[in-house]
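On the provided structure of chain V, position chain U as indicated by the hints.
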Amino acid sequence: MKVAPSWYLVLSALLFTIGVAGVLIRRNAIVVFMCVELMLNAVNLSFIAFSKLNGDLNGQVLSFFVMVVAAAEVVVGLGILVAIFRKRSSTSVDDVNLLKG
Amino acid sequence: MNPVSTASVLAATTAAQRAELIIFVILAPVSVLTALGMVLNRNAVYSALLLVVNFFCLAVFYVLLQAQFLAVVQVIVYAGAIMVLFLFVLMLLGISNEDVLKETIRGQRPVAAVLVALLLAGVVWALFTKPFSGAGVDLNRVANGDNVRAIGQLLFTRYVFAFETTGLLLVVAAVGALVLGKRRRP
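Protein chains in written order, with this note's numbering: chain V, 38 to 138; chain U, 15 to 200.
One chain only, chain V, in its complex shape (with noise of 0.2 Å):
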């Protein structure tokens, strides 16, 4: 029995729903940053699943792209974070709520 790539996007498709569990529940927005950052790697992962089955580069390329773009995601978030911070002296999104009707 081996380790056939399917495997792979099974596990990814498994964590990227924890991902999306833990942004629908969560309301400490450190956390839910981490878990987009989970749903990213969980695409990587099929990403690379992907370019495994297929014997293809490519998508181990595009997988890099998203590491780059999620590195600078993480820099501007954590800075809106700190600056909501300074404000309202509090992590959670609820308490974002300057636009509520």
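These are calculated hints, taken from the structure and not from any lab test. The reader is advised that the hints may include incorrect statements.
[To be verified] With beta-carbon atoms standing in for the labels, derived distance ranges:
1) V:K137 - U:G121: 17 to 23 Å
2) U:I37 - V:L135: 45 to 51 Å
3) U:V138 - V:V106: 23 to 29 Å
4) V:S126 - U:A188: 32 to 38 Å
5) V:R125 - U:V39: 42 to 48 Å
6) V:K39 - U:P124: 29 to 35 Å
7) U:A149 - V:L135: 50 to 56 Å
8) U:V46 - V:S126: 34 to 40 Å
9) V:K137 - U:L182: 33 to 39 Å
10) V:K137 - U:I90: 38 to 44 Å
Every residue gets a Cβ at the ideal spot worked out from N, C-alpha and C, and that includes glycine.
The following block gives chain U in isolation, referenced to the frame of chain V:
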């Protein structure tokens, strides 16, 4: 062709496949459990540390899938830089043990559970109806035994415009973080 060497090559590949199976069977539950723990833990620092473990598991999976360069990048960029950034911000803002189980919007949890179950069912259904059942291709042969060189060649030929654009993106992100973090003096 020497039959002895063929037999030893066969034995070596099956040993490698057995090793891959053992590593996958151990690390796949670890990655899922750390992800679940990350979501359900009420202390954000523990969440961050569990996520680091998860990223290391993913790096091992990348090695198993013959993406050696990306495994190294995963450890350096994700487990190193990004998670340190997360922990820095946690340290800066202080930890508040929020009550994970308290709902602020009534009925949010059941709706979220239904949506998540639908998503998982949809993705798994798509995976099993589409025939993604190949055994995989030896990527080391595709890359002529040098994963880093092959990826570098792709990056600087076919994807060179996207690669230069990511440089611009990183500069914009750095400047943006600087502007956001700056305190305005009256």
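Hints not upheld, ascending by number: The structure breaks hints 4 and 6; every other hint is satisfied.
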